[in-house]
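K.L.:
Residues per chain are reported as follows:
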Amino acid sequence: MIGTLSRVLQTLLPFVYAALVLYFARTFFRTVNQEQRLKYAVPAAYVVLLLHAVYIGTYTATNQHDLVATIYELFSLIAFTLLAVYVFAELRASHETSGTGFFVTAVCFLLQLVSSITVSGETIPETKAILRDPVFNAHVTTSVFGYAALMLAAIYGSLYLLLFRAIRRNEFGAIFEHIPSLERLERYGLRSTAFGFVFLTISIALGGMLIKHVNPDASALQFILDPKVLTTMLVWLVFGVTLLVRRIVHLEGRRLVLFWMSGFALTVVSMTIVNWIGTAFHSFL
Amino acid sequence: MPERFVAISISHHRAPVEVRERVQLSEQEMHALLRELREQSLEEALIVSTCNRTELYGIPSNAGSTSDDLVERILITKRLGTSDGVSKESYKSYFENLHSRDAIRHLFAVIAGIDSQIIGDQQIFSQVKDAFRVSSEAEAAGGFLNKLSQAAFRVAKRVKTETTLNEGASTISYAAVEFARKIYDDLRSRTILIVGAGETGELAAKHLVERNAGQIIVANRSHANAEAMIERIRPADGTGAFTAIGLEQLDDALPAADIIISATSAPDYVITAPAMKAALSARASSSPVVMIDIAVPRDIDPAVGKLSNVFLKDIDDLRSILDRNAERRKKEIPKVEAIIEEEVNKFLESLSQLEVGPTIKELREKFERVRAEELQRNRSKLDDHSFAVIDDMTRRMMNRLLHGPTVSLKETNGEANDRLLRIELVRKLFALDKESPEQHD
Numbered sequence: 001m002i003g004t005l006s007r008v009l010q011t012l013l014p015f016v017y018a019a020l021v022l023y024f025a026r027t028f029f030r031t032v033n034q035e036q037r038l039k040y041a042v043p044a045a046y047v048v049l050l051l052h053a054v055y056i057g058t059y060t061a062t063n064q065h066d067l068v069a070t071i072y073e074l075f076s077l078i079a080f081t082l083l084a085v086y087v088f089a090e091l092r093a094s095h096e097t098s099g100t101g102f103f104v105t106a107v108c109f110l111l112q113l114v115s116s117i118t119v120s121g122e123t124i125p126e127t128k129a130i131l132r133d134p135v136f137n138a139h140v141t142t143s144v145f146g147y148a149a150l151m152l153a154a155i156y157g158s159l160y161l162l163l164f165r166a167i168r169r170n171e172f173g174a175i176f177e178h179i180p181s182l183e184r185l186e187r188y189g190l191r192s193t194a195f196g197f198v199f200l201t202i203s204i205a206l207g208g209m210l211i212k213h214v215n216p217d218a219s220a221l222q223f224i225l226d227p228k229v230l231t232t233m234l235v236w237l238v239f240g241v242t243l244l245v246r247r248i249v250h251l252e253g254r255r256l257v258l259f260w261m262s263g264f265a266l267t268v269v270s271m272t273i274v275n276w277i278g279t280a281f282h283s284f285l
Numbered sequence: 286m287p288e289r290f291v292a293i294s295i296s297h298h299r300a301p302v303e304v305r306e307r308v309q310l311s312e313q314e315m316h317a318l319l320r321e322l323r324e325q326s327l328e329e330a331l332i333v334s335t336c337n338r339t340e341l342y343g344i345p346s347n348a349g350s351t352s353d354d355l356v357e358r359i360l361i362t363k364r365l366g367t368s369d370g371v372s373k374e375s376y377k378s379y380f381e382n383l384h385s386r387d388a389i390r391h392l393f394a395v396i397a398g399i400d401s402q403i404i405g406d407q408q409i410f411s412q413v414k415d416a417f418r419v420s421s422e423a424e425a426a427g428g429f430l431n432k433l434s435q436a437a438f439r440v441a442k443r444v445k446t447e448t449t450l451n452e453g454a455s456t457i458s459y460a461a462v463e464f465a466r467k468i469y470d471d472l473r474s475r476t477i478l479i480v481g482a483g484e485t486g487e488l489a490a491k492h493l494v495e496r497n498a499g500q501i502i503v504a505n506r507s508h509a510n511a512e513a514m515i516e517r518i519r520p521a522d523g524t525g526a527f528t529a530i531g532l533e534q535l536d537d538a539l540p541a542a543d544i545i546i547s548a549t550s551a552p553d554y555v556i557t558a559p560a561m562k563a564a565l566s567a568r569a570s571s572s573p574v575v576m577i578d579i580a581v582p583r584d585i586d587p588a589v590g591k592l593s594n595v596f597l598k599d600i601d602d603l604r605s606i607l608d609r610n611a612e613r614r615k616k617e618i619p620k621v622e623a624i625i626e627e628e629v630n631k632f633l634e635s636l637s638q639l640e641v642g643p644t645i646k647e648l649r650e651k652f653e654r655v656r657a658e659e660l661q662r663n664r665s666k667l668d669d670h671s672f673a674v675i676d677d678m679t680r681r682m683m684n685r686l687l688h689g690p691t692v693s694l695k696e697t698n699g700e701a702n703d704r705l706l707r708i709e710l711v712r713k714l715f716a717l718d719k720e721s722p723e724q725h726d
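So the sequences go chain by chain: A and B. Take the first sequence: its position 280, counted from the start at 1, is 280 in my numbering, and no numbers get skipped. Take the second sequence: its position 427, counted from the start at 1, is 712 in my numbering, and no numbers get skipped.
A couple of the hints might just be wrong.
[To be verified] Residues on chain B that point at chain A, a partial pick, calculated with CB under 10 Å:
| id | residue |
| --- | --- |
| 1 | 432 |
| 2 | 570 |
| 3 | 571 |
| 4 | 572 |
| 5 | 587 |
| 6 | 590 |
| 7 | 596 |
| 8 | 652 |
Hints are computed from structural coordinates only; laboratory data are not their basis. Values in this document were obtained by computation on a predicted structure and should not be read as measured data. The C-beta atom is built at its ideal place from N, Cα and C for all residues, glycine as well.
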């Protein structure tokens, strides 16, 4: 029964995300009465999140592990977290309408589509029993939330730079018309960065707690020097510094956006290199 | 009634500004003219008078009143065509006459903004709304105009919610503010510097105040004029901080300004590149500075635009925003026209429904009255039995004769306009509007 529900939701979710993309697209491409059109944005996003949460729950119950065993499972978790962070970073917090939902939900849709097509209820070998550990699951989930928030900040940052360039070049077309103001993009981006920073902090702390549990012989140095931990710490540091310079040095505008965008670029590059050269997820496992 | 509805209009389509401004009526003149027209020639009347148009709508109370008479009344009110060196005929040639459905459609087009000089102009809505208020105050608005006003407001509302006709800036000063809001949309926490206390600067400042600008500094060569402008733009609720400074203090005010709108008539640059460079170095934050130069000749050195973190736009840049908006608005016209057509039909439909019942009632009453009068006239010539037979026979005859017209009037198929024409025809044929006690004899 639960397994059937999980499979039904797995098939259904890309369609649900597609509907959400269409809803936001309708607002993005038409300027008439935007506030009225976005009236149902938060409830609609909540419905999608609820369905996705049920999917995660039923999938976990059926397969005895969270959506963390493979990269394609992670795609679904990233879609969920990206939407959740978006709802809390912008939709719920903003009293004004914005065209960004179209971009965010489009990314969520693509991630969920790939995940739904490829995931087939992975079985976890006994050697990877850690994948069933609740602390580990919390560690991975918070980590995904952190990276999703940073991905969202990158979306806002990209839109900021696009609009900035359009204004400088006197291109008063669709980008100028539909993307929210630079001030709002910066505000939402910073909020997402703060979310990401908090989640990554929790994830790193949970990882530190976990290391002794999975490998009693591993030292603190081993933990810190692990390539994934090292890159995560570096990313965490860049975003922490972004928040700090905003407060202390009053860094604002394009320079601040470039700062956090460089953090995201660093994340992508370092994660790609680490995954390419590494055999295990963490060296101490 | 709607088929008697007429409109005379002098507008930017046919008349140059020097003619329009002479014909434009003040609210006081509108009041006086409406009362006069109501007493003498119109059952109901409405006057819309702005810088771009003066229009008189009304229902003539007798067949003798023509559109020409109404034009004449306006010219007399304004004392035009007598001592101003321009003939009345010349003025009259600028006027356009509209009747019935066309007059209603025209009013709807005006309130929707598609007849305006700047298509999609939103100011016209409040001007038409005011016109209805004045008409009501002058006791020139009756049932017809009240229903017409409701329909007209419905058109304006639908155009606003169903089309993009009213969206986007349509004037340079508004475009300047909209552009600034693309960088900073929350103006409450921003410092805005307006350079120049002229008309354009003031208009831009008013738009900024409408959007809750937090702090406005007005810099002007004459400190007194800057202060006077502040008094004019300051919101009634006392919100916002306003400061007047002289142009000699401008360089000191630059570092704090997030948005600078310059509109002076100075022949040279008021803000130079070195001054702005120094201001950027002195800024407390690295947030961008929006600089909008709406002066001709320009107030801000174009080299300022090359400085990092500065968005500098001049009047030509803003004009490209306006052109784009105008293009988009034009594309919306067919949608607006469809709304207008729909609402004209609805309006006429509702009127026909309201008019059919009373018309049938009046028609039957008239026939019954004639029948009763004729019976009474011959009563002495008839015995009781004969009288009863004739009474019954004439009643049945009357019912049979009226059956056709009654069914035709109640017919709901076809255009609302056709039904109204049928009602009007019946009223004319049987002289229902001309009934008076003397005529019965």
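K.L.:
Confirm or reject each hint.
P.N.:
Hint check results:
1. 432: Since the shortest Cβ distance to chain A is 27 Å, the answer is violated.
2. 570: holds, 4 Å
3. 571: With a closest approach of 5 Å, the residue 571/B hint holds.
4. 572: At about 4 Å, which falls below the 10 Å cut-off, the nearest Cβ of chain A leaves the hint on residue 572/B intact, so it holds.
5. 587: violated, 13 Å
6. 590: Status holds, d = 9 Å.
7. 596: Given a least distance of 6 Å, the restraint on residue 596/B holds.
8. 652: Violated - the Cβ of residue 652/B stays beyond 10 Å from chain A, reaching only about 54 Å at its closest.
Hint violations for this structure: numbers 1, 5 and 8, all remaining hints satisfied.
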